[in-house]
Amino acid sequence: MNIKQHHIFLFFLSLFFTSFIYAQSKTNKGYDIKGQDVFFIFNINDYPNIKNNGETIDKVYVSGEFNNWALDQWPMTKVNDSIYQLKKDLSLFTSDFGWEFKFIVNGEHWAEPTREFENSVDAKDYNGFPLMTYNLKFYSAFATEYGNVSFKLKGYTNAKKVILSGTFNRWDETGFKMKPTENGWRITLQLKPDIYEYKFIVDGEWIEDPQNPSKVENEFSGYNSVIDVQKNITFSLCDFEDAKTVILSGSFNNWSEEDYKMTKTDNCWTYNKRLPAGKHHYKYIVDGLWITDPYNSVKEYDGEGNINSVCMVK
Amino acid sequence: MHQSIKIFTIFLYLFSIQLFATETELFEAKPPIVFTKAEFVNNSTTRIQFKIVDQLIIVDVEILDKEGNFIIDTGSETLILNSVHFKPTRTYRQKRKQSSGVHNDIEDVREKYLKKLSIESLSLEKLNADVIDLSHIEKIKKIEVLGIIGYSILKDFEVFIDMHLNQITLSKIDKNGELLSKKVYAETIHDSIDFKLKKHTIVLDALIENHKVKFGLDTGAEYNQLNKNLDSEILDYFYPSEELKLTGASGKKMKVMAGKLYRVKLNDSIYFGPMKTVLTNLRKMNSAFRTNLDGILGFEFFAQQRTIINYKKQKLYFIKFPILKP
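Residue numbers (my numbering), protein chains in the order written: chain A, 57 to 370; chain B, 32 to 357.
Excised from the complex, chain A in its bound form (with noise of 0.2 Å):
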């Protein structure tokens, strides 16, 4: 027997890096999301209290929750008369939740935006009173046309407002709205593989999804929808051209040594099975003989110290 070559194949770990860079909401204003960057933009034309009150306007800063609100840290770039920006990198907002911001002209007069901007709320002080004035929030986790779940809620068709909430962005209560379809509303994410609660507030009413059975209970009593995001992982030896049968064995199919018959396609054997986050311990069984994935380096012991491969799912 001849071992030269193998591989576990991660699918979508590039999909994750690809998807996530493009596919920001149009509407969302005073941010644009461009590749690893992210674009604060000032238009005069979308504040009328500053693009009616006379003054010139000197310098305009980016505040927010980011930088503590600090008035004059975060100096934009003038493009025109009427355009301000400033580049930042995306990792510096590392967080899966959403910042809340304002701009602020001459280091003192604020930008009011208003109720029509998409991504504004409900501006509130220190000790959480409102301030009967409106931030504009920034998302550094959004929504995608091309990602990996697709949450959808059947009827509810006369709703407002259907906002999608869950652990993925900390229970944010404003970040993923839903978009009406023909039969009810639908928001598509892309999600690494984990295990998530969820809930939708339906006009200010958070109900769990009645399509889903799988829930947990919470906190208040009542229940969050669960949903568990799997990937599809390709299990492959290659070079094994003799062997007459070689079977996938792990703790994923209680180390059955039937169920997962490997096929031969050119010169390797694969398997294909979608597998939960996580750890994930498993062998090859050559004809009989128990291997362990010889290109694998993971390993690890068992309760019983036997040594098994290890496949991470993450």
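If you are wondering where the hints come from, they were derived from the structure by calculation, not from laboratory data. Predicted, not measured: the structure shown is a model, and the values here were computed from it. Think of the CB as a built atom: it goes at the ideal place given N, C-alpha and C, for glycine as much as any other residue. It cannot be assumed that every hint is accurate.
Computed from the model, here is a short list of chain B residues facing chain A with C-beta under 7 Å [stated by the list, open to error]:
#1 Phe71
#2 Lys173
#3 Leu196
#4 Lys214
#5 Ala217
#6 Glu218
#7 Lys276
#8 Pro353
Position chain B against the provided structure of chain A, taking the given hints into account.
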């Protein structure tokens, strides 16, 4: 050759929080601290899954009849309980009786005394826990944090922080720092370096290009830190990009310059890609711990090296990341 492995899947766990108890018969009594996502390896070794929230390593723990998130933090000297969830006025008398006296409260309400900490079959006796308000961490991270697991718990184990498998392996060691079991790591250790322990802080000799520096190693540091009073020759390898506001464990806010630090290496074979780093003043920390650190290596260090810490031998060991083919 038959294989079997006991894995707690997260999914199962969601529905059955008590399943820990079904896994092991080794318990004599319900311990005050239980890692709820633990995996039994052998009598001296336990693997615990963690999750990463922003750049913090977080494990699930059951303690004093509560269950929730604990931060793994080698930068913390003790076990810390969050006063938001562990009110000093709380009594555990009823529970204590049932569980045959495995934990007690001492008179001083600011400090809880845990007679026995159990991690599967591993147990530690007489641990003190400080009760501190950690609400600022909860606020910023928007997650519940029950406490922080620090040096006082970790020091008696060899600690493998594995950012590939997202787990921490705790393995008991003898008084010389030797592992009690031979079957702990199935992967090859490819390198090691010595460190010095100053109080509870791991101090490493490192190089930035060819300049000698001393770094503290801290799993709880979300960003690497570099002392801003270093020679300009060293600071040349720091490329600033942003000003950031950080909140320390004390809740105090500070403004720092953030950027990337290049050309850090521990020796000729262990080197790092550019690491997110902030410039800070370490004077206070240095005088408090009587150290003379030029910086702190945190999350980014562990993100780039699968690292084993042995406090007794004062050694770090490294296991290679797998090369994943696209």
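>> Holds or violated: the hint that B/Lys173 contacts chain A, with Cβ atoms closer than 7 Å.
In response: holds (4 Å)
>> Let's test the interface hint: is any C-beta of chain A closer than 7 Å to that of B/Ala217?
In response: holds (4 Å)
> At a threshold of 7 Å, is the proposed contact between B/Leu196 and chain A supported by beta-carbon distances?
Replying inline: Given a least distance of 5 Å, the restraint on B/Leu196 holds.
> At a threshold of 7 Å, is the proposed contact between B/Phe71 and chain A supported by beta-carbon distances?
Replying inline: holds (5 Å)
>> Using the nearest Cβ pair, does B/Lys214 come within less than 7 Å of chain A?
In response: Where the cut-off is 7 Å and the nearest Cβ of chain A is about 5 Å from B/Lys214, the hint holds.
> Can we keep the B/Glu218 interface hint, with Cβ of chain A closer than 7 Å?
Replying inline: Nearest chain A Cβ about 6 Å off; hint holds.
>> A closest beta-carbon separation below 7 Å is what the hint needs, so does B/Lys276 meet it against chain A?
In response: Nearest chain A Cβ about 4 Å off; hint holds.
>> Holds or violated: the hint that B/Pro353 contacts chain A, with Cβ atoms closer than 7 Å.
In response: Holds. Min distance 5 Å.
Violation of the numbered hints given earlier is absent; every hint is satisfied by the structure.
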